[in-house]
Each structure stands twice: as structure tokens, then as C-alpha cells.
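Novice: These are the residues of each chain, in order.
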Amino acid sequence: MARPLPIVILLLLAGIVAVWGATISLTNETPLDREEVVFWHFWSGSDGEVVNDVVRRFNASQSDYYVRAVSMPGNNFDMKLFLSITGGDPPDLINQDDPIVGDWAFRGAIYSMEEIASVEEVENMKDWLLPSARSLGEYDGRLYAVCNGLDIRALYFNRELVEEALGRSVPDELESIEQLDMIAELCTQYTDGELTQIGYLPDPRRLWAWGPVFGGDFYDEQNGQVTASDEAIISALQWMQGYRQRLGANAVATYRQNDQSLPNKMFPLLANRYAVILDGQWRVRDIEAAQKVSRTRGEPVTRYGVWPLPAESRQGKTGWVNGNVFLVPRHANNAQGAWEFIKFWTGLEGHEKDAAETCVAGGWIPVSKHVAESLEFQTYLSEHPLFARFVDFAATEQVPTPLVPGASRYYREVNNLVQRVMYDDEVVDLTAELNMLEQTMQKHIDRIRSHPSFAEEQADE
Amino acid sequence: MAAEARGIQRWSGWLFVSPWLLGLALLFVYPFVASLIWSFSEYDLLTSPRYIGTDHYERIASEIVQGKGFGKALWNTFYYAAVSIPLSTIMAICLAVMLNWQVRGQAIFRTLFYLPSMVPMVATSILWLWLLDPRDGMVNGLLSFFYEAPPLWFQGIQEGVSTSSPFQFGSKDGLTLMSLWGVGNFMLIYLAALGDIDGSLYQAAELDGAGSFQKFRHITLPMLSPIIFFNLILGIIQSVQAFTQVYLVSEGTGQPAESSLLISLQLFLAAFRDLEMGYASAIAWVLFVFLALMTWGLFRSSRNWVHYRGVRI
Chain Z
292 MARPLPIVIL
302 LLLAGIVAVW
312 GATISLTNET
322 PLDREEVVFW
332 HFWSGSDGEV
342 VNDVVRRFNA
352 SQSDYYVRAV
362 SMPGNNFDMK
372 LFLSITGGDP
382 PDLINQDDPI
392 VGDWAFRGAI
402 YSMEEIASVE
412 EVENMKDWLL
422 PSARSLGEYD
432 GRLYAVCNGL
442 DIRALYFNRE
452 LVEEALGRSV
462 PDELESIEQL
472 DMIAELCTQY
482 TDGELTQIGY
492 LPDPRRLWAW
502 GPVFGGDFYD
512 EQNGQVTASD
522 EAIISALQWM
532 QGYRQRLGAN
542 AVATYRQNDQ
552 SLPNKMFPLL
562 ANRYAVILDG
572 QWRVRDIEAA
582 QKVSRTRGEP
592 VTRYGVWPLP
602 AESRQGKTGW
612 VNGNVFLVPR
622 HANNAQGAWE
632 FIKFWTGLEG
642 HEKDAAETCV
652 AGGWIPVSKH
662 VAESLEFQTY
672 LSEHPLFARF
682 VDFAATEQVP
692 TPLVPGASRY
702 YREVNNLVQR
712 VMYDDEVVDL
722 TAELNMLEQT
732 MQKHIDRIRS
742 HPSFAEEQAD
752 E
Chain C
-16 MAAEARGIQR
-6 WSGWLFVSPW
4 LLGLALLFVY
14 PFVASLIWSF
24 SEYDLLTSPR
34 YIGTDHYERI
44 ASEIVQGKGF
54 GKALWNTFYY
64 AAVSIPLSTI
74 MAICLAVMLN
84 WQVRGQAIFR
94 TLFYLPSMVP
104 MVATSILWLW
114 LLDPRDGMVN
124 GLLSFFYEAP
134 PLWFQGIQEG
144 VSTSSPFQFG
154 SKDGLTLMSL
164 WGVGNFMLIY
174 LAALGDIDGS
184 LYQAAELDGA
194 GSFQKFRHIT
204 LPMLSPIIFF
214 NLILGIIQSV
224 QAFTQVYLVS
234 EGTGQPAESS
244 LLISLQLFLA
254 AFRDLEMGYA
264 SAIAWVLFVF
274 LALMTWGLFR
284 SSRNWVHYRG
294 VRI
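The listed protein sequences correspond, in order, to chains Z and C. The opening position of the first sequence corresponds to residue 292 in the working numbering, with each subsequent residue numbered one higher. The opening position of the second sequence corresponds to residue -16 in the working numbering, with each subsequent residue numbered one higher.
Treat the hints with care, since some could be wrong.
As the list claims (entries may be wrong) - Each computed DSSO-like pair below joins lysine-lysine, with the alpha-carbon atoms no more than 30 Å apart:
(1) Z:LYS371 with Z:LYS734
(2) Z:LYS556 with Z:LYS583
(3) Z:LYS734 with C:LYS51
(4) Z:LYS583 with Z:LYS644
(5) C:LYS51 with Z:LYS371
(6) Z:LYS583 with Z:LYS417
Claimed, not checked - Not the full set, but computed from the structure, chain Z residues with beta-carbon under 7 Å of chain C:
(7) ARG398
(8) GLN480
(9) THR482
(10) GLY484
(11) ALA544
(12) THR545
(13) ARG700
(14) GLN710
(15) ASP715
(16) VAL718
Unchecked claim - Selected chain Z positions facing chain C (in silico; Cβ < 10 Å):
(17) PHE333
(18) MET370
(19) ASP394
(20) TRP530
(21) GLY533
No wet-lab data here; the hints were simulated from the structure. Using N, Cα and C, we set each Cβ at its ideal position, and we do this for glycine too.
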């Protein structure tokens, strides 16, 4: 006796799966007359939509290449990439935001742009990029990564709180570290003996920013030496430690840890938990959203401003830069297609308007002054004056985490040490600790350098 | 003819188990042997492994002596295991005993206490990040009645169960508290074991005038000892393998100041962030030997305290 119901359900399910499969295959289909460029990135949500839009515009503008963007979770990204490279089937283009360029370049995991494009084109790209954007991709005299979006940090401040504490209008720029310390102290408040508002508190992860501002360097490129125990870096760390000594390790840990990652409305500056805070340009949107809510509700609108890091002994360095970069993995099938997409995204060769559109949609800082100066972007800046400050800062000399083999570990080890200094009441000998860190990292980098790279090994074969 | 049939039968047997054997060879034996070879090599996933002798093991030994890197991770893991395993054992047994009481709504209570174990680790971690927030968290809201400066939990480097900062709980204590949330699995096994204890043992003890505590001490605990032993071994392995929750609460770095850097995370960072596959393999092997020795030691000691049906083996 046949039982029709289960058979019908089974057929229905098979039909759904078939239609679904067909839809996927149709949406992912690369036109037959075009070469596919596989692009791995980790953007999702609203940023993912911006990326998809860039890809759509690029594909519409092209007759040779077709970019297929694949969004992947960030935590296993590196592992998947290396397995794909060793397996001989990597994507054609990837996006990264960790300080890995020097390391991957040395190991030969990525192509330099000189290997995939003409010398003239690469020179044009170098000229096109802002110095801070270029610094994120240059290693050993070659361009291994092309920055597609800059992250600049500056000091946001609550104008009402700072004005009230100073008893006068707020300066446009801070003159010195002492001035920042003074404002921090004036704005720090206790209620019934309990800390309720912080004037300013250095983020342990930002010795990378304060070290160079104090005049220090984390790496001597000419001699290939780690210089974590540079006197200026010790001074910067001592200055950070001073905040812990004044506020107490408990208060520092309670206030500081994780605050940076609190999203949107929870940004601690908006909750009046801080008067001054160091953060990136993406917070402008949070501030504007909060101001809009206040306006809608008919409440007083809190005014905010932004300062560059104060020039104590700047020596030309105004802060720390990082950002997103494009990389072309070694053995990519379509490196030329990837290069075309890189040029489109960054605005080179007549694509300024497209690049400006991308930056406006994402709230991203352009990597080229030509894009920043375009009419589309200037219109956007006139409506977002706080963001415009960050675009100005991007044009100053911002230094990246050193582009060296083993930089990921170097970055982590420095942050670990600063956290220990800031979160523990134990007295730490800063010079001794930085010296030890310097030796450990030098040994680590030398060990990586003592082995042939992937590119050298491939060449031998 | 019979011999031929036996031959066919034997080959059929091998054929049927071959998928499993293939899986064992590819997914277990090969990585097992390969990781041993890599532990004596410099290997970054991209280039061929290069033999460097015992360098990685020497590095591990020196890090243990200095208390840095692997040494720090080893201490953190030891602390986490030493605090969380006894606590979760005690809690699971207590819950199981209480849930074994014949009371109205027993099934509902059992379900309620088991439910947290079914919540995915990612959700649990995020939940506990909020609960243990030092400033706005619910737990510190309650503790503020007892503490002048409430614990920092995931944001602190303190160790609450140590002489250096007694009762000042930090990131590892937060992880411990989180592990107790998932005690339902152990509880369920204890509950099943409790139902297996012969009621006549309790009757005999009552006739001898034993009270509730004496019955628990001299009947329940010894009868549960094989399960305690089993859960102890499982607990040690789970502590050493704890990764998801550590990765989530420390943003994948073991922060603050490596205070939540457990061995599994240290291994992950070495392998997939620093591309030191050789060093990571050496860590895995040290861990393997360490676990094997611990398990062997536990088996040896079990002769003195584990009772199988009232008999020590």
C-alpha cells in the first residue's frame, strides 16, 4: 500500500532544495566572458552592504573581470588563508586589519604590488596614497599592501564638561601632555568617595600611539633592531603608569578594560563616564546619532569636539595609524583582476568619484587626498565637521605598528606589559621589563628571519 | 569451501569497518605522528618543516622557569582546573542529591537545573560578560553589600583563591564561575548513579542508627566514587581544552595581561597568529604527556578511594 503523504513531503523538500541550489548557483555565476576575482573579507552588517555595493559598481564598470566577494568570520580567517595558499588555491584578493603585512611579506605569503603590476602603475599608486596609508603597506622598499581605509585615533572630548572644569572656552588643540593631565584631573569626579567620572585615562593598547608622540620608535628599520626600551617609550609608559598611581589599579581596570569596544549608544563618552577619550573616527556616527536623539526629544544637545594628540616632543609624529589593507595572496589565480579592483576602490585612474561614494557610505577616511578633495566628499565633510578633523589628521605623519616579521606577537606582548602596569598595584620596573621584552622580541624576529621564506623555497624548487 | 566463506567473511568485516579505519588514519594517526615530527621542526604552514632538534622543548622549559608564555598559561590552566573541578564536583553532587529528594515538582526542578547546560557556550560567555561586569553587572550589584571594592572579574588580573589577593576575584575566577553554570551534565550523571544505589544499604545503616550525614558520608559518597573518578578525569581534560569561553571573554588574547591565557589559547595563538606550528605542536605534546601522567596518577590513586559496588579494586 503506497503512502502518498511522506512521498509528497519528500518531493516538496527536494524541490525546495533544488530551487534554492539553483538560485545560489545563479547569483554566484560569473559571466562566461569575464575572469573571476575571488575576494575574501570579514565585513558584515552595514559595512558588508557598503562592500557589496562597491563590488556591484566595479562589476558594472568592467568587461574583463568579475569580483565575487566572500564574507568570512574574522577569527579563522588567517588559518583558512594559509591552508588555501599551501593547498594552491587561494583567493585572488583579501582584506586584513591586523599588523601582519611585514610578517606575511617576509614569509612570501603575499605578492608585492611590483610583482603583479607595472612599475609605473605601482609608483602612481604610491603617489596616490597618503603617506600614512602608504606606510601601512611598504616593507623592504616594496608595496605589499594597499590601504583601503584608514583608522585614525584622536582625543574626543565632551565640550560641556571640559568648559565647565576649565571655566573658559576649550582650546582647538592641546599644547602639551601637561595640559591634558590638567584637564583630566579637573574633570575627574568622585561622589561619596567613589569615582564617578574620569577626566582622561590612557588605554593600555595605545602605548603604540603615545610612544611615538613622546618621540619614541618601536623598531629601528635601518639596523633591524627592536627598540622597545627606547627612552621615549619608557617615558610614555611612565606617564601612563602615573594615571594608575593616581586613580588606583582597581579603578583603572574597572573603567578602562572593554570600554573601547562598547558599541553605539554605550560609548562611554556619551554616558558622561569620561570627559576625554582616545578613539577612532567611527565614533563620530555614534556621537551624531546621540545628538540627533537629543534634538528629537527636545533635550539639550551635548557638544563634542576632537583634539589631535598633544605635541609634547612630537618629532614629526602625530599619532598611530592602522587600517584595512588589500593583500594579494601568492599563487592567486587572477592577481591582475585583483589589482584592477584595488585601483577602483582606492579611486586611482579616474575613479575618485566612486571612491568618494564608498567613503561616504561607510563613513571611512579616504586613503588619497585626491578623493578627500573631491566635491562629493567635501560636501559630506561640510555636513560632518567632527569627521573632517579626522580627515585632516590622516594627512599628518601617523606611524603604524612596525612592519616586521613577528609583528603580531610584538603587538600582543607590548599590550600585555602595559595592561600589567596599568591594572596591577605591584610596582613594575619599566626599564627592566621593556628591556626583557625587547630581547625576547629580537630573538623571535631573528628566528623567523633565519629561515627561508615561502617565495625562496618555491624559487628553489 | 568453509575456509573460503571464512575468508570472505573476514574481508567483509574489514570492508565494513574501513570507513572508520580510514577516518582514524587520516584524522587521528596522521596528525598525531605529524605533530610529533613538527614539534622538533620550525614550521610556519607555508614552508617545509625544518628539523631544529629540541629547541621548542627547551623554550617551553625556560618559559616554565620564567613564568612567561607557556609557563604563564600552564599556571593559569592549573589554577582554573584546581578551583573549578572541586567546586563543580561538589556543586554537581549537592544538586544531584537534592534533586533526588522525592518532592513535588521534582521533574521541573531537574529540568530547570539542567537547562543552562544546553545553552551554547558563545551565548553563555556573552551572558556572563554582562553579569560579571565590574561596574554595571548584576553579580557585583549584589556583592557591593559585602565589598568596598567589588571584584573585577574578567577585567582583573587578580586571583581570588590565592594568598596574594584573597577574595579579590579576577578573570580566571570569572571563568570558574562560568564553568559552574554548565555543571548540569555532571549533575545528570550523578543523578543516574544515585538512582542505582541499593536502597537496602540505607535501610541497614538506619537500623544501625546512622543519621543523614553519616549515610551520605559512608554510603552515598563511596557508591558515587566511580562516577566522581570518571568526572574528575573528564573535568581535567575539559579544563585543559577550554577554549571558546576563554577566547570570547578575553577577545582572543588572554587579556588582561595574560591572566586568562589558558594553554589551549596559547596553543592557538602560537599556531595561527604567530605561525609557529612547531612550537604549538611541542605545546600539544607536553600537554599530552602531562594529561597522560595525570590520568595515570589518578588511576593509581583510585585504588584507595574508588569503590565499585562497595569493593575497592
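Novice: If you check each hint against the structure, which ones fail?
Specialist: 6, 8, 9, 10, 16, 17, 20 and 21
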